[in-house]
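Asker: Sequence:
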Amino acid sequence: MTNVASSKQTSRILPILDWLPSYDRSWLRTDIIAGITVTALLVPEGMAYAELAGMPPEVIFYSAPAVLLLYAIFGTSRQLIVVVSSVQAVMSYSIISALAPPGTSEFIILTTALAITAGLISILAGILHLGRIAQFFSASVLIGFVSGLAGVIIVKQLPKLFGIESGSGNVWQRLYDLLTHLTEAHLLTLAVGVSTLVLMILLEHFFHKVPAALVAMVFGIVVSSVFGLYDLGVEVIGLVPAGLAAPALPNITIAQWLSLIPGGLAISLVAFAEAIGPARSFATKYRYSLNPDQELIGIGAANVGAGLFHGFPIGSSLSKSAANDAAGAKTQMSGIVAAGLTILVALFLTPLFTNLPEATLASIVVVAVFGMFKWREMLRLYSLRRVDFALALVTFLGVLTFDEALWALLLAVVLSLLALVWRTSQGRMSELGLAPDRLLFEEIGPDSEALPISGLLIFAPEQTLFFTNVDSVCTQIINRLGGTEEPIENVILDLELTNDLDVPSAAGLKQLGDDLEAAGVKLTLARVKPQVRDLLDRSGVTEAIGADHIYPRVLGGVLAHLGAGDEDARRFAGLSAEALRRLQQVVSRLLINTEGDQRVQLESLSSQLNQLLSEATSSS
15 MTNVASSKQT SRILPILDWL PSYDRSWLRT DIIAGITVTA LLVPEGMAYA
65 ELAGMPPEVI FYSAPAVLLL YAIFGTSRQL IVVVSSVQAV MSYSIISALA
115 PPGTSEFIIL TTALAITAGL ISILAGILHL GRIAQFFSAS VLIGFVSGLA
165 GVIIVKQLPK LFGIESGSGN VWQRLYDLLT HLTEAHLLTL AVGVSTLVLM
215 ILLEHFFHKV PAALVAMVFG IVVSSVFGLY DLGVEVIGLV PAGLAAPALP
265 NITIAQWLSL IPGGLAISLV AFAEAIGPAR SFATKYRYSL NPDQELIGIG
315 AANVGAGLFH GFPIGSSLSK SAANDAAGAK TQMSGIVAAG LTILVALFLT
365 PLFTNLPEAT LASIVVVAVF GMFKWREMLR LYSLRRVDFA LALVTFLGVL
415 TFDEALWALL LAVVLSLLAL VWRTSQGRMS ELGLAPDRLL FEEIGPDSEA
465 LPISGLLIFA PEQTLFFTNV DSVCTQIINR LGGTEEPIEN VILDLELTND
515 LDVPSAAGLK QLGDDLEAAG VKLTLARVKP QVRDLLDRSG VTEAIGADHI
565 YPRVLGGVLA HLGAGDEDAR RFAGLSAEAL RRLQQVVSRL LINTEGDQRV
615 QLESLSSQLN QLLSEATSSS
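Residue numbers for the sequence shown follow my numbering, beginning at 15 and rising by one.
Hints in this document: simulated from the structure, not taken from any laboratory.
Possibly wrong hints are sitting among the right ones.
What the hints assert, rightly or not - BS3-like cross-link-like pairs, simulated, lysine-lysine; straight-line CA separation at most 30 Å: (1) Lys223 <-> Lys299; (2) Lys524 <-> Lys543; (3) Lys299 <-> Lys170; (4) Lys344 <-> Lys299; (5) Lys536 <-> Lys524.
Given these sequences and hints, build the entire structure.
Answerer: Structure representation (C-alpha cells):
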C-alpha cells in the first residue's frame with residue numbers, strides 16, 4: 015500500500031509517469047506526425063515571435079526543446095502545446111523595453127530573467143493551490159485584452175511590411191507615424207510582404223492541412239535567394255548561428271530581479287489564463303483529468319527552462335495545439351518529438367534562414383495573430399449583454415492606448431474586479447412558491463404554476479450573500495412587504511447558494527431580523543451551510559432570530575409556518591389533494607421524533623390536513 019501511495023504521489027508531481035509507463039505503441043505513429051506538424055509551425059512562428067520579443071531569432075532553437083520537454087514532464091494536458099505565444103512575446107517586449115534599450119545585451123539578459131521570474135511565480139502559485147487564479151479575469155475582459163494585443167502586434171509589424179522605419183509609442187501614435195511616412199515605403203519589400211500574406215491566406219482557406227507558415231518561409235527564402243533581394247534593399251534575417259546553447263542563469267543584480275516581479279506576475283497570470291481554457295476543452299473531449307494547479311507548475315517549469323536556455327517568456331499556442339490535436343496527438347509524446355526535431359533544425363538547418371526576408375516573418379506574425387481578434391465574440395457580447403460588451407470594448411481600446419502591457423493588464427484586472435463587484439452588488443433574488451401538485455418550491459412568475467402561501471414570503475438569492483449585495487437583498491425584502499395584499503407573518507430566506515458568509519453579511523441578516531420583528535414579521539433561514547451557521551452562532555445572529563427559526567430545508571420553515579397559525583384554509587389555497595396528501599406524509603414522519611412546542615404545531619397542522627383531505631375526498 016505504501017508503494018502504491020508513493021507512486022501516486024510521484025505521478026502527481028511528475029504527470030509524465032501517469033502515461034509514459036503505459037504508453038500504447040500504436041499511438042506512436044500519430045504522435046510523430048503531430049510532432050512534425052508542430053515543428054513545421056514552430057520554426058517560422060517561433061523565429062517571428064522572437065523578433066516580437068526583441069530577441070535574436072536563434073533563441074527559439076536554444077529554448078524550445080527545453081520548453082517542450084519540461085511541459086511534457088510537468089503538465090497534465092495531453093494535447094496542449096506550450097512553447098511560444100505572441101501574447102507573451104509582445105508583453106515581454108513591453109515590460110523589458112521600459113527597463114533597457116531593445117537590441118542591447120542588457121535587454122536580452124533581462125528578458126531571459128523575466129521568463130525565469132514568471133516561471134517561479136507560476137510554480138509557487140501551483141504549489142499553493144492557486145489553480146483558480148484564472149477566474150481573476152472576467153471572460154469578457156479577457157476577450158478585449160487578447161484582441162487588443164492582437165492589434166498591437168499587427169500594427170508593430172506593418173513597418174516591416176512596408177520597409178520603413180518603425181515608429182514608437184502606442185498604437186495610435188504608430189499608425190499616425192506609418193501614415194505620414196507611406197511615401198517612403200520600399201515597394202519591393204511591400205511586394206514580398208503582400209505576396210506572402212496572399213499565399214498564406216489562400217493556403218489556409220483552400221489547403222488548411224498544409225502548414226502555411228512553413229510554406230511561406232520556404233517561399234520567402236527561395237525568392238530572396240534566387241533574385242538576390244538583399245542586394246535590392248530588402249531586409250533579411252541574416253546569419254542564424256547553428257548549434258545549441260548551454261543553460262545559464264542571468265547575471266543580474268538583486269535589485270533587477272526584484273524589478274521584474276510585477277512583470278513576471280503579469281506574464282504568469284496571462285499565460286495561465288490563456289492556457290487553461292483550451293486545456294480543459296481537450297480534457298473534456300478525451301475524458302481525462304486536468305489538474306489546474308499542476309498546469310501552473312507545468313507552465314512555470316517551461317518558462318524557467320525558456321529563461322535558462324536564453325529564451326523569452328512562453329505560453330500556450332492555440333494554433334499549434336489545434337494542429338497537434340488535428341494531427342491525432344494522443345499524448346505529450348508529440349511535444350517530445352517536436353523538441354527532438356527542433357534540435358536537429360538547430361544543428362543542421364539554420365544556414366537556410368540567412369536570406370529569409372523580414373517582411374516574410376512579419377507576414378507570418380500578422381496571419382498567426384489575426385485569429386486572436388475575437389470580433390465574433392465581441393458581436394456576440396453586444397447581442398447578449400451590452401455591459402459585457404462595454405467591458406470588452408473598454409479593455410480593447412485601453413490595450414491599444416497604453417504603450418506598456420502592464421498598464422493594459424492592470425486595466426483588465428481592475429475592470430474584471432469592477433464587473434465582479436457590480437454583478438454581486440445587484441442582489442438578484444427569486445420569490446418562491448409551492449408547486450400545486452408536488453412538494454417543490456419554484457420561482458413565482460408568469461410561466462410558473464407555483465403558488466404563494468398565505469402569510470409567507472420565500473426568497474432565494476441568486477448568488478452568495480456578500481458585503482456588496484447584502485444591503486440590496488435586505489432592502490428588496492423590506493420593500494416587498496409593502497406590496498402584499500394580506501399581512502405577512504413569516505419570511506423565509508433560502509441560503510443554499512451561500513457557501514460562506516462574511517461579517518458584514520451576518521450583521522445585515524441580524525438587522526433584517528430586527529427590522530422584520532419591528533413590522534411583526536418573523537425571519538426564518540433555510541439551507542444554512544455548516545460554516546455559515548458557525549458564523550451566525552458566533553456573531554449573535556442565531557440568538558437574535560432564534561435557533562428554532564433555522565431549518566435544513568425550506569420545507570421545514572414552511573411546515574412551521576403552516577402549523578403555527580389558526581386553522582385558516584387560505585394557507586393551503588390552490589393545493590391539490592395529492593399535494594395535501596404528501597404534506598400529510600411528511601408531517602406524519604416528523605411527528606415520530608418531535609417533542610415539545612414543535613410537536614404541538616405539527617399535530618395542529620396534521621389535524622388541518624386531515625380535515626382538508628376529507629373535504630377534498632368528499633367533494634370528489
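Asker: Now, for every hint given, state plainly whether the structure supports it.
Answerer: Here is what the structure says about each hint:
1. For the proposed pair lysine 223 and lysine 299, the alpha carbon gap of about 21 Å is at most 30 Å, so the pair holds.
2. In summary, the hint linking lysine 524 to lysine 543 is supported, as the alpha carbons are separated by about 17 Å, within the 30 Å threshold.
3. With a C-alpha separation of about 37 Å, the suggested pairing of lysine 299 with lysine 170 is violated against the 30 Å cut-off.
4. Under the criterion of a C-alpha separation no larger than 30 Å, the hint pairing lysine 344 with lysine 299 is consistent with the structure, at around 12 Å.
5. A hinted pair counts as satisfied when its Cα atoms are at most 30 Å apart, and lysine 536 with lysine 524 qualifies at roughly 12 Å.
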